[in-house]
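Could you put the whole structure together from the sequences, leaning on the hints where they help?
For reference, the chains in residue letters:
2 protein chains.
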Amino acid sequence: MSDYRGYSGKSLEYLKNNNINIGESVKIFADITYSGIIMPRYEHSDDKHLVLKLKSGYNIGLGLEKIKKIEKENSDKKKIEHKVEYKKKISLPKILLLSTGGTIASKVDYRTGAVTPILTAEELNSSVPELAEIANIDAEVLFSEYSENIMPEHWLKIANKLNEYCKSNYSGIIIAHGTDTMHYTSSFLSFALSGYPIPIALVGSQRSSDRASSDAALNLIGATRFLLGCKTNGVYVVMHQDKNDETVACHFGTRVRKNHTSKRGAFQTIGDVPAFIVINDEIKRNNLKNFFKKKEYEAKINLKTNVALVKYHPGYDPNLLEKILEMNYQAIIFEGTGLGHIGKAMYEKVKKAGKRGIFLGMTSQCVEGRVRMTVYESGRDLLNLGITPLEDMIPEVALVKAMWALGNSNSVDEVKKIMLENIASEISN
Amino acid sequence: MSDYRGYSGKSLEYLKNNNINIGESVKIFADITYSGIIMPRYEHSDDKHLVLKLKSGYNIGLGLEKIKKIEKENSDKKKIEHKVEYKKKISLPKILLLSTGGTIASKVDYRTGAVTPILTAEELNSSVPELAEIANIDAEVLFSEYSENIMPEHWLKIANKLNEYCKSNYSGIIIAHGTDTMHYTSSFLSFALSGYPIPIALVGSQRSSDRASSDAALNLIGATRFLLGCKTNGVYVVMHQDKNDETVACHFGTRVRKNHTSKRGAFQTIGDVPAFIVINDEIKRNNLKNFFKKKEYEAKINLKTNVALVKYHPGYDPNLLEKILEMNYQAIIFEGTGLGHIGKAMYEKVKKAGKRGIFLGMTSQCVEGRVRMTVYESGRDLLNLGITPLEDMIPEVALVKAMWALGNSNSVDEVKKIMLENIASEISN
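These protein sequence lines are chains W and F, in that order.
Residue numbers are given in numbering that gives the first Met the number 0: position 78 of the first sequence equals residue 77, and the series is strictly consecutive.
Residue numbers are given in numbering that gives the first Met the number 0: position 364 of the second sequence equals residue 363, and the series is strictly consecutive.
Any given hint could be a false lead.
All copies of an identical chain are treated as equivalent in the list; a pair is satisfied when it fits inside any one copy or across any two copies.
Heads up, simulated DSSO-like pairs for lysine-lysine below, C-alpha to C-alpha not over 30 Å straight-line [as the list claims (entries may be wrong)]:
#: 1; residue 1: 262; residue 2: 166
#: 2; residue 1: 93; residue 2: 299
#: 3; residue 1: 230; residue 2: 299
#: 4; residue 1: 303; residue 2: 350
#: 5; residue 1: 9; residue 2: 350
#: 6; residue 1: 416; residue 2: 262
#: 7; residue 1: 303; residue 2: 322
#: 8; residue 1: 262; residue 2: 415
#: 9; residue 1: 160; residue 2: 343
#: 10; residue 1: 351; residue 2: 303
#: 11; residue 1: 343; residue 2: 262
#: 12; residue 1: 354; residue 2: 416
#: 13; residue 1: 343; residue 2: 299
#: 14; residue 1: 15; residue 2: 54
#: 15; residue 1: 156; residue 2: 348
#: 16; residue 1: 322; residue 2: 343
#: 17; residue 1: 156; residue 2: 343
#: 18; residue 1: 348; residue 2: 303
#: 19; residue 1: 348; residue 2: 322
#: 20; residue 1: 415; residue 2: 354
Hints listed in this document are in silico derivations from the structure and should not be mistaken for laboratory results.
Structure representation (C-alpha cells):
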C-alpha cells in the first residue's frame with residue numbers, strides 16, 4: 000500500500016517516480032549522503048522538501064533541488080519486526096517510561112494525521128524502533144497534559160508513582176513531559192525524591208515528531224543510553240543540545256532552564272555545565288563536581304502551594320505585596336534586581352511580611368550569578384528586614400523548593416533552614 | 000607628598016623601595032609588560048598585590064611575586080595638567096554627562112576613602128583624565144539614586160532633561176546610571192524620545208572604581224568614543240564586554256538585559272548581537288540590520304504605572320489575578336511559559352480582565368525567542384480570550400512599553416496598536 004501523507008506537488012511526484020513510500024529506508028545523495036527513513040509531512044507544508052529521519056533519530060528536511068539521487072535501503076517493515084524480536088531478549092536492561100503528556104509522549108497516526116498519546120510499549124517501539132535495540136521499555140501513561148497545565152498536584156502524582164518503583168529492577172526511569180514547565184517538575188522531583196536509587200530523566204521534544212527537525216526520537220534514545228550508562232542517580236532533564244544533530248545534554252534537575260521559546264537547544268544549565276553529554280552511544284561525564292549531597296533515599300512527597308513569586312521592577316506597587324499578605328501566603332520568593340535588591344518603597348510591606356512569620360527569600364532576575372546582599376547599603380537593609388539571600392538558586396527553583404519546604408516543616412525557621420541546605424545541587428559550590 | 004592608601008605590608012614596602020606613589024604612571028615587567036597608573040586599594044585588602052589602571056581604563060591586580068621590575072613613566076600630575084589644557088581646546092567635540100547615581104557616577108576620595116558623587120566636569124576629568132583627550136565633557140547631576148530605587152518618575156525626569164537638550168551642540172549624551180535597572184530606563188527613553196537627534200548612552204559599572212578590575216573608566220571612555228564615532232542616533236546601553244579588557248559593547252536600549260548578578264560582561268543583547276563594539280579607539284558597527292524605525296524626533300514623555308507583570312508558574316493562584324483586577328490595573332503583561340502559554344486554570348480570570356478592557360500582552364519567561372500562540376491549542380485559546388502576543392519583546396521591555404503606551408493613548412485599542420508597532424527595535428525582524 001502506498002502512503003504519501005503530507006506530500007503534494009513536486010515532492011509527491013518525486014517519491015512516486017522513485018517508487019518510495021513513507022516509512023521506507025532510503026539513501027539520499029545530496030551535498031553529503033544521508034541514510035534514514037522517509038517521514039510523513041504536515042498537510043499544509045510546501046511541496047519542495049522530503050523529510051528524513053536520520054539514524055540518530057533526528058529529522059531533517061531536504062530540498063528537492065539539492066537531491067541528486069534517492070535509493071531504497073532495506074525494507075523498513077522488516078526492520079521493525081526485527082526490533083520487536085530484540086525487545087523480547089531478556090538480556091537487555093529494563094527502563095520504565097512514564098508519560099505525562101507533551102509532544103514527546105505522542106505519536107502521529109500516519110493515516111489520520113492526529114497526534115495521539117503513546118499508550119503501550121509496543122506503540123513506543125514502533126514509534127522509535129531504535130529503543131528496542133538498547134533496552135526493554137515498559138511504558139505507562141500517568142496522565143496527558145500540556146506542560147502549562149501541569150500543576151503541583153501533578154508533581155505529587157509523578158513523585159508517588161516513582162516512589163512505588165523505588166525498589167524495582169529498572170535501570171532508570173524516563174518521564175516524558177511537555178517542555179514548558181519541565182524544569183519546575185524536575186526541581187520538585189529532585190527535592191521530594193532526593194537520593195532515589197536509580198537515575199530519572201525528564202525528556203521532552205521542542206518539535207513534534209511529524210515535523211522536519213524533530214528531536215523527539217533523538218532525546219528518547221539519548222535519555223535511554225544515559226540512564227543505562229551514567230552509573231549514578233539523581234533527577235536530570237535530558238534534551239537535545241544545539242551544537243550538532245547527535246548531542247544530547249543531561250542537565251541537573253535543579254539547575255536547568257528553558258531559555259528559548261522554540262529552538263531545539265533551548266534548555267541550558269544555569270551557571271554551570273551540563274552533568275553529562277551523550278554523543279551517539281558515548282556517555283561523557285561533563286561536570287566533575289561532586290553533585291547531589293544527599294546519597295540516601297528519603298521520600299518527602301509533600302508541598303504547600305501558597306508561595307508567591309514577586310518579580311520586582313521600577314513602578315512595582317507595594318500595595319500588590321499587601322494583597323499577597325491578605326491572601327495568607329506563607330512564603331515570598333523575590334526576584335530582585337542585580338545582586339538581590341528591591342526598592343526602598345517596598346520596605347514597609349516587607350517588614351510587615353517578616354513580622355507575620357512569612358518566609359522571605361531573595362533571588363535575582365539576572366538568572367545567572369549569585370545574590371550578594373552585603374555589598375550595597377540596600378542589600379544590608381533588606382537583610383535587616385529578614386530577607387534570606389538564596390545564593391545562586393534559580394528563581395523558579397527557589398519557588399518550587401519553598402513550596403516543598405512549607406510542606407515538610409512546621410515553622411518559618413525550619414523553612415529557612417531547608418531553603419539554605421543544598422539538597423540536590425540547587426546551590427552551586 | 001607620598002600616598003599609599005590601602006597598601007600595607009609587602010606591597011607598601013615594595014612601592015616605597017621603588018619610590019612610587021599612588022597616581023604615578025609606571026611600567027611593570029611581569030609575564031608581559033603593563034603600562035598604567037598605580038591605583039589606591041581597599042583598606043582591608045591583602046598586602047600582596049598592586050592595582051594598576053591600564054591605558055584602556057581597566058583596572059588589574061598584579062601579584063608581587065610575578066613582578067620582575069617596576070619603572071616610572073611620565074609624572075602623572077604633569078599628564079593631568081596636560082589634559083586640562085586639552086579640555087579647553089574648543090576644537091574637541093562636546094559631550095553632556097547626566098548623572099543619576101550608581102557606582103559609575105561616583106569617585107573615591109583618595110584621602111577619606113568615601114565614595115562621593117561626581118559633581119563637576121573638573122572632578123570627572125581628574126577621575127577619568129583620559130576623557131579630556133577626546134571630548135569636552137559638561138557634567139550635571141540630576142539626582143543620586145541606587146538603581147533599584149529608580150522609579151518611573153525618575154525616567155520622566157531624565158527624559159524631560161534630555162528633551163531640553165534636543166537642539167544643543169552636544170555630539171552625544173552619557174547617562175551615568177546604576178546597573179540593576181539600567182535596561183528598564185533605557186527602554187523608557189527609547190520609546191519616549193524615539194528619533195532623538197543625537198545618540199544617548201547609558202553607562203554603568205559592575206565594579207566600583209576603587210576596586211581592582213573596575214570597568215568604570217573603561218565604560219566611560221568607550222561610551223564617549225562611541226557617541227563621537229557612531230554616526231547615528233538612538234538609545235544604547237554601553238558596558239564592558241567579557242571577552243577581553245579592551246572591548247565595550249553598545250546594546251540597543253530595548254534589547255538588552257542584565258543577565259548576571261556580578262560579572263563584568265553581564266549585559267547582553269537578547270536574541271541579536273550588540274549594535275556596535277568599541278575596541279580601544281575603533282568603533283565597529285556590529286549589527287547590520289536597519290534598526291530604529293522612527294527617524295524623526297517626537298518627544299512623548301508620558302506614562303501610567305498601573306501595569307502588572309504576571310509571571311506564570313505551576314501553582315500560580317488565579318485569585319492573585321483577581322486581586323490585580325481589583326487594583327484597577329489597566330494592562331497586564333504575562334510572562335508565560337514556552338511559546339506564550341498560561342495554564343487553563345487562569346482562563347476564567349483572564350476572560351474577566353479582557354471584558355473589563357484591560358490590555359493583555361504575552362511574553363515568554365524563556366527570555367530568548369519569539370512567542371507563537373498559534374502552534375498549540377492552549378495558545379489559540381489564549382488568543383481567543385483576547386491576549387496579544389508581543390513577538391520577541393523582552394518581558395521587562397514590554398512592561399515599560401505598556402506603561403508608556405497607557406500614558407499616550409485613550410483606549411485599549413490604541414494601546415494594542417502601540418504595543419505591536421516596532422518603535423525602537425524592541426521587536427526583532
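Hints versus structure:
For a Cα distance limit of 30 Å, the shortest separation of residue 262 from residue 166 qualifies neither inside one copy, at 37 Å, nor across copies, at 45 Å. When the C-alpha separation of residue 93 and residue 299 is checked against a cutoff of 30 Å, the pair qualifies only within one copy, where the shortest distance is 26 Å, while the shortest distance between copies is 65 Å. Proximity of residue 230 and residue 299 under a CA criterion of 30 Å is satisfied intra-copy only: 24 Å inside one chain copy versus 62 Å between copies. Both within a single protomer and between protomers do residue 303 and residue 350 lie at most 30 Å apart by alpha-carbon distance, with minima of 23 Å and 27 Å respectively.
For the homomeric pair residue 9 and residue 350, neither the shortest alpha-carbon distance inside one copy (69 Å) nor that between copies (45 Å) is at most 30 Å. Taking the shortest alpha-carbon separations for residue 416 and residue 262, only the inter-copy value of 28 Å comes in at or below 30 Å, while the best intra-copy value is 38 Å. In this assembly of identical chains, residue 303 and residue 322 lie within 30 Å of each other by CA distance both inside one copy and across copies; the values are 19 Å within and 21 Å between. Taking the closest pair of Cα atoms, residue 262 and residue 415 come within 30 Å of each other only across two copies (28 Å); inside a single copy the shortest separation is 37 Å, beyond that limit.
In the homo-oligomer, the alpha carbons of residue 160 and residue 343 lie at most 30 Å apart only across protomers (24 Å), although the nearest pairing inside one protomer, at 46 Å, exceeds that limit. When the C-alpha separation of residue 351 and residue 303 is checked against a cutoff of 30 Å, the pair qualifies both within a copy, at 22 Å, and between copies, at 27 Å. Taking CA atoms no more than 30 Å apart as the test, residue 343 paired with residue 262 passes between copies only; the shortest distance there is 25 Å, against 39 Å inside one copy. In this assembly of identical chains, residue 354 and residue 416 lie within 30 Å of each other by CA distance solely inside one copy; the values are 18 Å within and 45 Å between copies.
In this homomeric assembly, residue 343 and residue 299 come within 30 Å of each other (Cα to Cα) only across copies, at 28 Å, whereas the closest approach inside a single copy is 38 Å. Taking identical chains as interchangeable, the C-alpha atoms of residue 15 and residue 54 lie at most 30 Å apart only when both belong to the same chain, with a minimum of 23 Å there against 70 Å between chains. Taking the closest pair of Cα atoms, residue 156 and residue 348 come within 30 Å of each other only across two copies (27 Å); inside a single copy the shortest separation is 36 Å, beyond that limit. Taking the closest pair of Cα atoms, residue 322 and residue 343 come within 30 Å of each other both inside a single copy (18 Å) and across two copies (23 Å).
For a Cα distance limit of 30 Å, the shortest separation of residue 156 from residue 343 across copies, 19 Å, qualifies, whereas the shortest one inside one copy, 42 Å, does not. In this homomeric assembly, residue 348 and residue 303 come within 30 Å of each other (Cα to Cα) both inside a single copy, at 23 Å, and across copies, at 22 Å. In the homo-oligomer, the alpha carbons of residue 348 and residue 322 lie at most 30 Å apart both inside one protomer (10 Å) and across protomers (17 Å), since each shortest distance falls under that limit. Taking the shortest Cα distances, residue 415 and residue 354 sit within 30 Å of each other inside one copy (15 Å), while across copies they are farther apart (42 Å).
Of the numbered hints listed earlier, those contradicted by the structure are 1 and 5.
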